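Those sequence lines, one after another, are chains A and B. Just so we're aligned, residue 1 is where the first sequence starts under our numbering, counting upward by one. Just so we're aligned, residue 1 is where the second sequence starts under our numbering, counting upward by one.
Derived from the structure by calculation, the hints contain no laboratory data. Just so you know, these numbers come straight off a predicted model, no measurement behind them. Treat the hints with caution; some may be incorrect.
Said to hold, decoys possible - In silico contact screen, one side only, chain A against chain B (beta carbon under 8 Å); selected entries: (1) GLU37; (2) GLY39; (3) VAL171; (4) GLY175; (5) VAL187; (6) PRO188; (7) LEU226; (8) LEU236.
Don't be surprised by glycine CBs; every beta carbon is placed ideally from N, CA and C.
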Amino acid sequence: MTPFDAAIAEAPSPGAWAGVTWSATRDLRLALRSKAELGVLLLFYVIVVTLFPLGVGPEPALLRALGPGVLWVAALLASLLSLPRLFAGDFADGTLEQIALSPFPLPALISGKIAAHWASTGLPLVAVSPLLGLQFGLRGEELAVLALGLALGTPTLSLLGAIGAALTLGVRAGGGLLALLILPLYVPILIFGAGAVEAVCVGLAAGPQLSLLGAGLLAAAVGAPLAAAAAVRIALD
Amino acid sequence: MTSASINWFRFASPASFFPLAGRLIPWFAIAAALCAAVALWLGFAVAPTDAQQGEAYRIIFIHVPAAWMSMFIYVVMAFWCAVSLTMNTRLAAMMAQALAPTGAVFTFIALWTGSLWGRPTWGTYWAWDARMTSELILLFLYFGYMALRHAIDDARRADRASAVLALVGVVNVPIIYFSVKWWNTLHQGASVSLTAAPKMAAVMLAAMLVMAFAAWFYSIAMALTRVRAIILERERHTAWVAGAVTAGR
């Protein structure tokens, strides 16, 4: 009996929340069994951020001005790099088809997958970002706003990215295409996320940007799983 | 519904739409050519020289209609995508597919003429102005749509996948526009502003509107021409296509 069958047998009634928690725990368990992969992703983030001072020079004022943007662009790239993990493995071995056939609502199952994806790829970035911010001369409140902004913004990246990841399942030239599809949609999150830190840097309140990031997260949490579920069904046809 | 109405759904079939499109194309093409000629005459011969911007302002007679069409076509494309997803009609998906290149061309023209206008007016080919930046992102959205279509071999799957993408895109276009606008005002101040331009003379507005109609008719003619090619390509296994090709229609 596979864990999937077991979960189906255990499920009292195929409700949406049961679907979310089931697929989130399953994906988290799978992610924790390949910790090396997650470590590589985190190292990618650290290395990309480290490259910028090497490229533009180590002047503190310049780095302070670039810091918020660099940390956010690197987070976007790391999110993009992690997206194929979301569905590609399950698609290749047929699990995704079984998931789509299960009595749980597909958007709920996909919400769970996205939540697990964020917890395993986005959350580590949030945790390490204050450390990287220090390297760019950001201080106190700026670091807090950076981490808070990433905590609100990276789930939105996973949600929007899930649509792109589902649309490019089994498609030729998937990686580059995924970047073309998804990065334009990431623009508002980049603007508000980096804008929040920059606002604090110049002595303004970061409240509006953080509120907008939160609003974006809520809107994406409602809409993106539906679109991703539609895209998964199209890919499985 | 008392009148002897035409059954419009008849034209949802590629086989009956193909000859209709063929008959409509010349009319739209002629209308586009006439409007463009009138607009160019109004814009270049009748409209006075602008007091502040000199002759360079005449670029807006191309630029503004192209920018309008670039956004409008994306919305129309998303509309056909929604129709194709909900009603599962092939022709709606083909219309969306046919509109995308025209929309991308207008986006590119808007960017190109915008930078040509910016050089004499703002002193730079490219400014990170809110409109230019969001127009550039719109171009990326068009490219993404076309790239996704081309990456999927199965035409029906490509229809539905790209339809989802276009609908996600059309929800995001306003969000992108306002975020870029806000980002721009935070960073740039009011050093460059289109909105501070002086009030436009009536003849200038007329030239712009007529050119907008020309762009509109041109888009319809182009989309219909392209959709005919798409129909032939995708319905090539059917008997009526073989008949139409041999009859030379």
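Original post:
Is the hint on GLY39 of chain A kept, meaning its closest Cβ partner in chain B is under 8 Å away?
Top reply: With a closest approach of 31 Å, the GLY39 of chain A hint is violated.
Original post:
Against chain B, is LEU236 of chain A within 8 Å by beta-carbon distance?
Top reply: 10 Å, violated
**OP:** Mind checking the CB of VAL187 of chain A against every CB in chain B and telling me if the closest is under 8 Å?
**Re:** OK, holds: VAL187 of chain A within 8 Å of chain B, min 5 Å.
Original post:
Can the hint on LEU226 of chain A be confirmed by a CB-to-CB distance to chain B that is less than 8 Å?
Top reply: 10 Å, violated
**OP:** With chain B as the partner, please determine if GLU37 of chain A meets the hint condition of a C-beta pair closer than 8 Å.
**Re:** 26 Å, violated
Subject >> PRO188 of chain A as an interface hint toward chain B, with CB separation required under 8 Å >> reply: It holds, given that the least Cβ distance between PRO188 of chain A and chain B is near 4 Å, below 8 Å.
Original post:
Was the hint right that VAL171 of chain A lines chain B, CB cutoff 8 Å?
Top reply: 5 Å, holds
**OP:** Under 8 Å, Cβ to Cβ, is where GLY175 of chain A needs to be relative to chain B, so tell me if that hint holds or is violated.
**Re:** At about 11 Å, which exceeds the 8 Å cut-off, the nearest Cβ of chain B leaves the hint on GLY175 of chain A violated.
The structure does not agree with the numbered hints 1, 2, 4, 7, 8 stated previously, though it agrees with the rest.
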